[in-house]
Amino acid sequence: MKKPVMGFLMLLLWALCAPSWAEVQHIGKVKGTNGIVSIQRAGKMIPAFPHMKVYLNDMLVTGSDGVIGLLLEDNTLLSMGPMSRLALDKFDFSPAQNRYALQLRMEQGTFVYLSGLMGKLAPYAVKLDTPAGTISMLKETNFMARFPGDE
Amino acid sequence: MNRICCFAVVSMLALVGCSGKENLIVLTPNAGGTAGAMELTNEGGVVTLDQAGKAIIVKGRQAKPSNLVDISDAETRALFQDALNAQPLAPQSFLLYFEFGTENLTAESTQLIDVILQSIHERDSRDISVVGHTDRAGDYEYNLALSLTRAKSVRDLLVERGVAADFIQLSSHGEGNPLVSTADNIAEAKNRRVEVMVR
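One line per chain: the protein sequences are A and B, in this order. To convert, note that position 100 of the first sequence is 100 in the numbering used here; the numbers rise steadily by one, no gaps. To convert, note that position 119 of the second sequence is 119 in the numbering used here; the numbers rise steadily by one, no gaps.
Errors might be hidden in some of the hints.
To be verified - SDA-like cross-link-like pairs, simulated, lysine to any residue; straight-line CA separation at most 20 Å:
hint: 1; chain 1: A; residue 1: Lys139; chain 2: B; residue 2: Gly33
hint: 2; chain 1: A; residue 1: Lys139; chain 2: B; residue 2: Gly32
hint: 3; chain 1: A; residue 1: Lys127; chain 2: A; residue 2: Ala48
By construction, these hints were calculated from the structure, which means they are not laboratory data.
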């Protein structure tokens with residue numbers, strides 16, 4: 001029990017020292033991809049590769065053989081299977097100013113979501129729009145979801 | 001009877017999983033093994049999902065969400081296999097301790113360097129932060145310098161072992177950020193440390 005608490009405190013300290021997120025700053029990074037994966041950004045489709053930064057308003061799109069893993073700046077871990085679409089609508093992780101927001105739009109596909117610091121410190125700031133309705137967190141929560149869409 | 005019902009639910013779910021158009025949300029345990037809690041709200045109603053290994057099935061935004069149903073680990077794995085394979089490793093943090101007044105790692109912490117390198121390689125990490133700290137023995141300025149020297153010595157150890165210096169962000173907090181609070185001028189081994197975060 002002691003170790004996870006310790007790790008959490010260290011993450012929190014690190015987060016308090018990190019700068020607050022202005023709009024031009026990246027909100028996460030691509031950690032791994034396989035197959036065809038793209039980022040739709042400012043109307044353009046660009047191929048996604050590991051270590052690429054992702055920004056607010058990006059839409060991640062996987063092809064029929066594509067998968068992607070993502071690490072957001074608050075340590076939220078997200079991965080997507082094939083034929084999936086995810087929009088990064090809101091992100092503000094500023095513990096020093098006590099400001100939190102995470103809003104994602106899961107339009108279609110399969111998702112694995114592992115809560116990060118945002119889910120620990122401010123679960124109510126996490127909202128996910130999905131084809132099934134809106135998910136809001138009551139506490140730190142991990143989940144998987146499948147939204148088949150019309151393929 | 002119960003077993004038959006259970007079987008029926010599972011087979012229905014298997015059908016949903018294979019061919020249905022239904023949306024499916026499965027709660028999975030948190031790192032400590034506890035379950036979180038979420039609320040799904042749509043035009044058909046509100047459902048709270050707060051038990052790990054349970055799922056809700058929803059036809060669409062207008063449809064009333066199902067009550068909580070069981071879903072087996074095997075089926076969850078089958079449905080989410082591709083996304084699970086793409087799941088990144090969680091960030092990891094380490095504490096390294098130092099001999100009093102020096103930038104020399106304790107014998108125990110020296111052995112942690114290999115573990116940190118392994119963590120960096122497993123994650124193919126380019127985002128490693130190294131933060132130096134001291135205890136409150138000695139004055140503030142001295143400790144600020146010492147905490148930076150400690151952080152640099154850890155960076156150098158990692159760089160010597162093949163980690164690109166560009167991937168490492170250095171910072172130092174002197175005596176200002178202790179793990180264990182003490183009065184001024186007290187030596188405290190737990191505060192003579194460098195935190196390494198591998199993301």
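Here's how the hints hold up against the structure:
{"no.": "1", "hint": "A:Lys139 to B:Gly33", "verdict": "14 Å, holds"}
{"no.": "2", "hint": "A:Lys139 to B:Gly32", "verdict": "14 Å, holds"}
{"no.": "3", "hint": "A:Lys127 to A:Ala48", "verdict": "25 Å, violated"}
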